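Read top to bottom, the protein sequences are chains A and B.
Under UniProt numbering, the first residue of the first sequence carries the number 1, and numbering increases by one thereafter.
Under UniProt numbering, the first residue of the second sequence carries the number 1, and numbering increases by one thereafter.
Mixed in with the good hints, there may be bad ones.
Stated by the list, open to error - Calculated lysine-lysine pairs in the DSS-like style (CA-CA distance at most 25 Å, straight line):
| no. | chain 1 | residue 1 | chain 2 | residue 2 |
| --- | --- | --- | --- | --- |
| 1 | B | Lys20 | A | Lys39 |
| 2 | B | Lys86 | B | Lys60 |
| 3 | A | Lys35 | B | Lys97 |
Claimed, not checked - Estimated spans, in silico, between C-beta atoms of each pair:
| no. | chain 1 | residue 1 | chain 2 | residue 2 | range |
| --- | --- | --- | --- | --- | --- |
| 4 | B | Ile129 | A | Met27 | 17 to 23 Å |
| 5 | A | Met27 | B | Glu32 | 25 to 31 Å |
| 6 | B | Thr127 | A | Pro42 | 52 to 58 Å |
| 7 | A | Leu46 | B | Pro24 | 25 to 31 Å |
| 8 | A | Gln76 | B | Glu90 | 26 to 32 Å |
| 9 | A | Leu31 | B | Thr83 | 34 to 40 Å |
| 10 | A | Asp105 | B | Gly101 | 46 to 52 Å |
| 11 | A | Thr103 | B | Ile129 | 55 to 61 Å |
| 12 | B | Glu77 | A | Thr81 | 37 to 43 Å |
| 13 | A | Lys78 | B | Lys97 | 48 to 54 Å |
| 14 | A | Met27 | B | Arg131 | 27 to 33 Å |
| 15 | B | Gln99 | A | Arg85 | 42 to 48 Å |
| 16 | A | Gln75 | B | Thr127 | 56 to 62 Å |
Unchecked claim - Computed from the model, here is a short list of chain A residues facing chain B with C-beta under 10 Å:
| no. | residue |
| --- | --- |
| 17 | Leu29 |
| 18 | Pro30 |
| 19 | Leu37 |
| 20 | Val44 |
| 21 | Glu60 |
| 22 | Leu61 |
| 23 | Ile66 |
| 24 | Lys78 |
| 25 | Asp86 |
| 26 | Leu87 |
| 27 | Ile91 |
| 28 | Glu92 |
| 29 | Asp95 |
Just so you know, these hints were derived from the structure itself, not from any lab.
The model shown is predicted, which means the values in this text are computed figures rather than measured ones.
Beta carbons are placed, not taken as given, at the ideal position from N, Cα and C, and that holds for glycine.
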Amino acid sequence: MVAGNGASREEEGTGGDAAAPQPQAPMRLPLVRVKALVKADPGVTLAGQEASFILARAVELFVETIAKDAYCCAQQGKWKTLQRRDLDNAIEAVDEFAFLEGTLD
Amino acid sequence: MAERPEDLNLPNAVITRIIKEALPDGVSTSKEARSAISRAASVFVLCATSCANSFAMKGKCKTLNASDVLSAMQEVELQWFMTPLKEALEAYRREQKRQEGSCDFFGKRDSETATLIGQFDLSCLLTRIVRQLLIPSFPPHPPKK
Numbered sequence: 001m002v003a004g005n006g007a008s009r010e011e012e013g014t015g016g017d018a019a020a021p022q023p024q025a026p027m028r029l030p031l032v033r034v035k036a037l038v039k040a041d042p043g044v045t046l047a048g049q050e051a052s053f054i055l056a057r058a059v060e061l062f063v064e065t066i067a068k069d070a071y072c073c074a075q076q077g078k079w080k081t082l083q084r085r086d087l088d089n090a091i092e093a094v095d096e097f098a099f100l101e102g103t104l105d
Numbered sequence: 001m002a003e004r005p006e007d008l009n010l011p012n013a014v015i016t017r018i019i020k021e022a023l024p025d026g027v028s029t030s031k032e033a034r035s036a037i038s039r040a041a042s043v044f045v046l047c048a049t050s051c052a053n054s055f056a057m058k059g060k061c062k063t064l065n066a067s068d069v070l071s072a073m074q075e076v077e078l079q080w081f082m083t084p085l086k087e088a089l090e091a092y093r094r095e096q097k098r099q100e101g102s103c104d105f106f107g108k109r110d111s112e113t114a115t116l117i118g119q120f121d122l123s124c125l126l127t128r129i130v131r132q133l134l135i136p137s138f139p140p141h142p143p144k145k
């Protein structure tokens, strides 16, 4: 696990106990493209609207997370531009990204 | 139905924007890194979909639903996604109910028709009200000839 991220991720998970609903950031990814990826799986017959929406939101969270983890690796190397090697290091360091090994070449 | 390779990629501009917003100001990302993150995101969707589909099939359901996707997130050990995803789902459902509720005011109709008719009725009514306020002599009904 990349240093410092484990604690912050746990805190994010336990926070948000306020009764008032949190304002949501607008969805940036187009649902059409996410649905095209879902349909690419031959085992999937149909995907509900809510499923596509949640998946799109999950992808946004994933991109944010992997970018931040790669940036932590870049900081260790003391450079200000995120490089491909930082991403590879983040994938190697974080167990949850194990599914990406060998898929990005 | 054959998918073109470009259909399996997410829009580069959107991915770039998400990366930029996630990182501190002044940090740039190489083109190679952006491209790799975009591919990683596509792989993530395919992986999450496959996992969610397994849950759907276990429940003997042909349609993927939101709970299958949430279960998939736990399965791939991304538990910290659960809270923000559940909040997003609640907000999405509230928005869907709000949009459905605005059609009910005009009676039981096909929701699409109700939206169109409702918008037309509302715009006519608003136009009359505005005209009556701005032009006092404007008759509430057309004068009989």
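Evaluation of the provided hints:
1. B:Lys20 - A:Lys39: 29 Å, violated
2. B:Lys86 - B:Lys60: 23 Å, holds
3. A:Lys35 - B:Lys97: Holds, because 22 Å separates the two Cα atoms, which is no more than 25 Å.
4. B:Ile129 - A:Met27: 17 to 23 Å: Check failed, 35 Å falls outside 17 to 23 Å.
5. A:Met27 - B:Glu32: 25 to 31 Å: 27 Å, holds
6. B:Thr127 - A:Pro42: 52 to 58 Å: For Thr127 of chain B and Pro42 of chain A the Cβ distance comes to about 53 Å; the hint holds.
7. A:Leu46 - B:Pro24: 25 to 31 Å: 41 Å, violated
8. A:Gln76 - B:Glu90: 26 to 32 Å: Distance hint for Gln76 of chain A, Glu90 of chain B is violated at roughly 38 Å.
9. A:Leu31 - B:Thr83: 34 to 40 Å: 22 Å, violated
10. A:Asp105 - B:Gly101: 46 to 52 Å: About 50 Å separates the Cβ atoms of Asp105 of chain A and Gly101 of chain B, which means 46 to 52 Å holds.
11. A:Thr103 - B:Ile129: 55 to 61 Å: Holds, at about 60 Å.
12. B:Glu77 - A:Thr81: 37 to 43 Å: 30 Å, violated
13. A:Lys78 - B:Lys97: 48 to 54 Å: With Cβ atoms ~51 Å apart, the hint holds.
14. A:Met27 - B:Arg131: 27 to 33 Å: Between Met27 of chain A and Arg131 of chain B, where Cβ atoms are some 39 Å apart, the hint is violated.
15. B:Gln99 - A:Arg85: 42 to 48 Å: 46 Å, holds
16. A:Gln75 - B:Thr127: 56 to 62 Å: 59 Å, holds
17. Leu29: Holds, because the Cβ-Cβ distance from Leu29 of chain A to chain B comes to roughly 6 Å (cut-off 10 Å).
18. Pro30: Pro30 of chain A check passes; min Cβ-Cβ to chain B is 7 Å, inside 10 Å.
19. Leu37: 4 Å, holds
20. Val44: Status holds, d = 5 Å.
21. Glu60: The hint holds - Glu60 of chain A has a Cβ within 10 Å of chain B, the shortest such distance being about 6 Å.
22. Leu61: 5 Å, holds
23. Ile66: 6 Å, holds
24. Lys78: 12 Å, violated
25. Asp86: Nearest chain B Cβ about 7 Å off; hint holds.
26. Leu87: 5 Å, holds
27. Ile91: 8 Å, holds
28. Glu92: 13 Å, violated
29. Asp95: 7 Å, holds
Of the numbered hints listed earlier, those contradicted by the structure are 1, 4, 7, 8, 9, 12, 14, 24 and 28.
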